[in-house]
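**Student:** Residues per chain, in single letters:
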Amino acid sequence: MKLKNKLNKKQSFYKALLCSMIIAMLILNSGCTKAYAAVKNGDSGDEVKQIQTKLKNWGYYDGSVDGSFGKSTMAAVKAFQKKQGIKVDGIVGTETANKMGIQLKGGGKSRDDKGDVYLIARVVYGEARGEPYKGKVAVASVVLNRVGSSLFPNSISKVVYQKNAFSIVADGQINYTPDQDALKAARDAMNGWDPSGGAIFYYNPDKTKNEYIRSRKVITVIGSHRFCK
Amino acid sequence: MITKYRVKNFFRKYFLAQIFGLVIIGLVTYSILLHRDKMELELKLQGIYEKSFQELMLDMKSLETKLSKLEASADQYQNTMILMDVWRQTGDTESSIAQLPVSYTKASPFIQFVNRTGDYCRYLSKKVGEGQSINADDLKQIADLRQSCTEISTILDKAWKSGYLPDISNKDVDFVSGGGEETSGNLDFSNQNYPRLIYDGPYSESTENKQPQGLEGENINEEAAKKKVIEFVGEEQIGEIKKTEGEGGDIPSFGFDGKLKDGNSFSIFITKQGGQILWYMQQTNGKGAAVPTDEKYEKLTDMVIEFVKKKGITNAVASYAQFYAGNAVINIVPLEGEVALYPDLIKVWIDIEQNKIVGMDAKNFIMSHKKRKLEEPKLSKEQAATHVTTSLKIEDIRLALIPTESQKETLCWEFIGKIETRDYIIYINSESGKTEDIFLIQHTNEGTLVQ
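Going down the list, the protein sequences come from chains L and C. Going by the numbering used here, the first sequence opens with residue 163, and the numbers climb by one from there. Going by the numbering used here, the second sequence opens with residue 10, and the numbers climb by one from there.
A couple of the hints might just be wrong.
Claimed, not checked - In the EDC-like style, the derived pairs of lysine to aspartate or glutamate whose C-alpha atoms are separated by at most 16 Å in a straight line are:
{"id": "1", "chain 1": "L", "residue 1": "Lys244", "chain 2": "C", "residue 2": "Asp303"}
{"id": "2", "chain 1": "L", "residue 1": "Lys391", "chain 2": "C", "residue 2": "Glu256"}
{"id": "3", "chain 1": "C", "residue 1": "Lys136", "chain 2": "C", "residue 2": "Asp209"}
{"id": "4", "chain 1": "L", "residue 1": "Lys218", "chain 2": "C", "residue 2": "Glu256"}
{"id": "5", "chain 1": "L", "residue 1": "Lys218", "chain 2": "C", "residue 2": "Glu304"}
{"id": "6", "chain 1": "C", "residue 1": "Lys135", "chain 2": "C", "residue 2": "Asp209"}
{"id": "7", "chain 1": "C", "residue 1": "Lys382", "chain 2": "C", "residue 2": "Glu418"}
{"id": "8", "chain 1": "C", "residue 1": "Lys235", "chain 2": "C", "residue 2": "Glu245"}
{"id": "9", "chain 1": "C", "residue 1": "Lys296", "chain 2": "L", "residue 2": "Asp343"}
Treat the hints as calculated values from the structure; they're not laboratory data.
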């Protein structure tokens with residue numbers, strides 16, 4: 163009886179261990195689930211409608227937006243994929259959906275951003291998350307204006323990682339994943355839109371005590387940031 | 010049996026104390042390990058900072074040597090070699106400064122000195138390459154630069170010898186003095202006297218303080234600026250509008266924020282002089298970074314050309330484009346006759362899904378546009394073609410005015426073509442036949458990039 167009890171105890175211990183291992187594996191796994199969601203020939207519904215609308219807007223599809231994925235939709239998807247330089251299979255998977263700017267049900271988001279744009283977007287997200295969109299583009303512009311200025315190093319990464327230049331580098335917020343708004347702001351700034359008016363500094367008057375920065379002439383005020391030269 | 014019982018009892022009695030003891034031992038061990046890790050990282054970090062400091066000392070010595078040689082050389086070829094070498098050296102120096110734990114505001118005058126030295130030497134090497142020689146004024150400026158390098162080198166040397174080391178233990182890592190009296194306080198490059206350079210280059214004072222050339226007429230007041238906004242956006246579209254704080258920066262302007270009747274917000278800058286639209290942007294909610302079909306793209310460019318026509322630019326073509334966030338950004342090149350005016354480039358944002366113009370940036374146009382007297386090209390199309398590499402399969406040729414680094418403009422023959430599968434644009438000076446610029450066109454998934 164005692165022995166059985168012991169065995170039972172042991173068994174239940176192993177059971178618990180096994181259970182927790184399975185749970186742990188599930189949790190870990192869910193973090194890196196690959197998206198296999200895809201919309202293809204024969205499918206129908208709202209997602210198909212969305213895809214057809216997009217294809218129509220971009221000029222690839224001239225059939226009716228009826229929500230059923232037929233041959234003409236597939237041909238349009240193939241033409242779309244060919245033009246974007248991605249795998250041509252007529253199926254709307256994660257990559258194609260990302261290009262179209264739609265999120266598939268159960269689909270993952272792939273990171274489709276490289277180098278400079280991404281680094282600037284990280285600065286924007288860290289420094290100006292809660293700011294109006296114009297203020298985000300202005301922060302991105304300040305980074306680019308610094309690269310162009312003789313007072314600063316001449317590459318984006320050197321400017322971003324200069325000591326005390328951006329507080330988000332010191333507190334690690336620079337490593338947050340930027341959202342779509344931050345990425346768009348970085349791109350708009352790289353395309354030349356500069357709502358900061360050529361500023362190379364900005365500060366939040368409630369947060370900075372730096373006299374050097376505060377003594378500069380304010381060009382424009384956007385949200386809680388003052389931009390200056 | 011009894012002892013066994015006692016021992017068991019002892020363990021029971023002091024169970025909590027034992028757990029507590031174990032926790033203490035664990036914590037102590039953990040913090041010792043943590044401390045060891047911290048020391049290790051600190052040493053590594055210190056090593057990196059010391060390396061940049063030592064490199065900076067070597068860089069400054071090397072700059073000084075090269076500038077001295079320049080003063081002694083009368084040979085044009087040798088001069089070009091040394092000048093290019095100085096330019097490369099300043100790049101290294103700038104990297105070393107950028108890596109030092111010196112606050113950016115303290116480092117910026119030093120960085121400016123290094124940037125301008127490199128920029129100036131590149132300008133000189135071009136000048137020498139064009140057959141001009143280094144004149145007395147240049148030699149004087151070179152001597153001044155050399156003198157500054159010597160002074161900075163001395164400061165760095167002294168700092169190093171007196172044990173000027175990065176203080177890692179301080180959370181706000183800074184270079185602090187190891188004792189010597191002359192180098193108390195933090196390392197600061199902002200009090201140094203740097204020579205003032207006169208030349209034309211991207212970092213020169215004249216370029217950085219360039220004034221807009223495309224503005225004519227009287228200054229307008231806020232009320233008139235507001236009228237311009239209403240005229241541009243369309244009265245029937247505007248819901249509300251209010252002026253923003255500030256003067257507008259490089260190009261003095263009135264800023265306005267507003268809301269359209271459809272609920273989307275917009276922002277606009279109107280120049281004070283002449284009341285021109287510097288830029289206009291409205292909120293868009295599109296997504297997707299896809300390239301449209303050629304037919305659709307053509308429709309978009311037609312729309313943009315029509316749009317700029319209404320704004321007074323009657324002769325223009327669409328150049329490259331980018332696609333992101335549901336928008337197309339199309340670059341419009343104004344033409345004078347048949348000549349493409351690249352300095353006057355205008356950018357127009359279109360919401361692809363709504364088929365609507367949602368933004369415009371006319372900064373380049375306002376900075377550069379002026380009444381120009383374009384000379385007839387000295388070289389014919391065919392003559393210019395002899396200066397283009399034979400491996401380029403030419404697809405299109407036209408005349409183009411391009412901006413140079415020193416904010417001047419050069420009339421060129423523009424050759425668009427392919428080498429194997431890569432797309433290039435080559436600019437041949439229409440007077441001298443020299444290659445002014447070469448662009449490689451990158452076709453990315455999000456549109457065209459010119460590099």
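**Student:** Each hint should be assessed against the structure and marked as holding or not.
**Tutor:** Hint-by-hint comparison with the structure:
1. L:Lys244 x C:Asp303: 13 Å, holds
2. L:Lys391 x C:Glu256: 12 Å, holds
3. C:Lys136 x C:Asp209: Given that 16 Å is the threshold and the Cα spacing comes to 11 Å, the pair holds.
4. L:Lys218 x C:Glu256: 43 Å, violated
5. L:Lys218 x C:Glu304: The given pair, whose Cα atoms are some 12 Å apart, holds under the 16 Å limit.
6. C:Lys135 x C:Asp209: 11 Å, holds
7. C:Lys382 x C:Glu418: Judged against 16 Å, a Cα distance of about 12 Å means the pair holds.
8. C:Lys235 x C:Glu245: The given pair, whose Cα atoms are some 15 Å apart, holds under the 16 Å limit.
9. C:Lys296 x L:Asp343: 10 Å, holds
The structure does not agree with numbered hint 4 stated previously, though it agrees with all others.
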